[in-house]
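Spelled out, the chains give:
Protein chains: 2
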Amino acid sequence: MQLSCPMPKLDFDKITLGHGGGGSLTNKLLESGVFDLLSNPHLDQHHDGAILELKGQVAFSTDSFVVSPIFFPGGDIGELAVNGTVNDLAMCGAKPQYLSLSFIIEEGLLMTEFWQVLVSIKNACEKANVQVVTGDTKVVERGKGDQLFINTTGIGQILPSANISMQRVNEGDIIIVSDVIASHGIAIMSIREGLEFESDIKSDTRPLNGIIESLISEFEDGIHLLKDPTRGGLASVLNEVARDTRFGVYLEEKSLPIDEQVKGACEILGLDPLYVANEGIFITVVNSDIAESVVEHLRKNSNTKNAAIIGEVVQDHPTQVVIKSKIGGRRVVNMIVGEQLPRIC
Amino acid sequence: MQLSCPMPKLDFDKITLGHGGGGSLTNKLLESGVFDLLSNPHLDQHHDGAILELKGQVAFSTDSFVVSPIFFPGGDIGELAVNGTVNDLAMCGAKPQYLSLSFIIEEGLLMTEFWQVLVSIKNACEKANVQVVTGDTKVVERGKGDQLFINTTGIGQILPSANISMQRVNEGDIIIVSDVIASHGIAIMSIREGLEFESDIKSDTRPLNGIIESLISEFEDGIHLLKDPTRGGLASVLNEVARDTRFGVYLEEKSLPIDEQVKGACEILGLDPLYVANEGIFITVVNSDIAESVVEHLRKNSNTKNAAIIGEVVQDHPTQVVIKSKIGGRRVVNMIVGEQLPRIC
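First to last, the sequence lines map onto chains C and H. Letter by letter, the first sequence follows residues 1 to 345 in our numbering. Letter by letter, the second sequence follows residues 1001 to 1345 in our numbering.
Think of the hints as simulated: they come from the structure by calculation, not from any bench. Hints may contain errors.
Unchecked claim - Sample of chain H residues facing chain C (criterion: CB under 10 Å; computed from the structure):
1. C1005
2. L1025
3. S1064
4. S1102
5. I1336
C-beta: ideal position from N, C-alpha, C; glycine also.
Kindly produce the complete structure, drawing on both the sequences and the hints.
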């Protein structure tokens, strides 16, 4: 894909402080190809703000991405930044439409690396069918940042038949996970700090708005809740569900879909996959009578082909997540305290 | 103002990596008082995204703030982050309504400093009549950031009688600046790198949405363009006007309002005030027949009491900004190349 977007010829090969000054160097950087790459009628106005036509209920979500390293197996910070906000909007039951894009660049970042991230952003936007409509570029001195941080903030209109909220979760509702867990965290871990596995574990970063849209169109308000278990992993989002609904969450360990290589890596590293970050999966809490059909629907899509029922919302152990292990024992799964892996997203 | 928002008692005095992990430490940080401080019905949902009701034309703008130091005469990074995005929306002719707020914190930031910034954010939101409705918190290792970076992204509905755009600028239009120039940049400079002046020069950071709203309500589409000359100063925005409209911009140096202390500091430092950053002023390009009334209207407001006509849009020297000096000579004012002062906002 990058072959179609060759880097323009420039008279600089590294980002300098001046590129963040708001003067002609900033313009040069943006007009050297950034604007062309991400071109759309809103962005083409080159204003400080974009003017959008919106109507009705709109979701609004923000995320800053500080992942280290910025390139990792299966993706990079640019793709992650687009997909992360696209997915947060999708989890609100919205159709993601517009993104803002803000860079904090450490002086000295190679222009080739910045260009590669920009091309990833372009490709991720096309895949998710969203537009970058406004942006900002700041540069900080060497040693005051770490290559590149990206903030994306997104807007999307709520899908007409969506009715997603914590308040809709009820006793007896079924909890489904859309695909295998723990891939993103292990992919980052695999290349960080010298650790390497004889494997090709890749980040699961991907846009989920397409499958969410088809799910809501098919099952409408049978879908009660959507959540993406990113930082803090599955354990943390399920604890949020238990805490905020005052119900209990019951899980079955044997039902959790996990790639064998990822599972092996977790064992070697002593990590519990329930706490490892994901970037391309979601959990949904649904009416029990449609649960099987939802799983069937998800399994038809290549991004959710390992969808599985993993648990239930119960009256027992209110505000707690309890997991039944493969050998039958039960234990409480707490929210993660700090973080297993810093700077995972 | 801060007396009314005492910092809650906490069992930590510094931000650690775990506070950015998305687990219970992150929750502890947010629930220790952050959510209470910024409370409003949207934020109180504690979701990853806020659901807003919008209709019609909406402005959408983003800015990351990396100012160093984070506390400076006349303000801090929190106040700047709110006002900066509020003002970008106001310059689109919009009424700022909702902000997202995203922190990138360097490990080790004192909780007392973070709290002080949060209180500033709260106060600035109240002053500008906007709400923080969604947010994000990331923490990076010591030496990979610089205390605190903040992204704010804002949404605001376009004012019904606003019609603001580059396309509306015409030959003969009058250029007005709302108040004294160069205060923000000089205030930052005065405390950075050991430089100090025997003065009390303060940043001009302030919300401009109130005065913009009253201006548009009074003069409607007589107001052709609004721009805030932040990074790159007055010279850079006027060059943008000249470049994008293909007209010339003619300025008179003797009309430029500038505080005597700021002027003196510029002379000592060898800085041209035309290139020094501002955070609380704007330029407007208006129909010539209302120019005097606009200035009169602005002068009634304490935030724009030094408003002045500074120049005109002309057919001569297309795409160039030309200034007539106090002794009568004329020179071209170019866009700034890099930046005079890095990390000014």
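Quick rundown of the hints versus the structure:
Because the smallest distance between the Cβ of H/C1005 and any Cβ of chain C comes to about 23 Å, over 10 Å, the interface hint for this residue is violated. Satisfaction of the interface hint for H/L1025 is found here, the shortest Cβ-Cβ separation to chain C being roughly 5 Å, below the 10 Å cut-off. Of the supplied interface hints, the one on H/S1064 holds, with its beta-carbon coming within about 4 Å of a beta-carbon of chain C, less than 10 Å. Contact between H/S1102 and chain C, as hinted, is supported at the beta carbon level, the nearest pair being about 4 Å apart and thus within 10 Å.
Because the closest C-beta pair between H/I1336 and chain C is about 3 Å apart, less than 10 Å, the hint holds.
The structure shown violates just one earlier hint, number 1.
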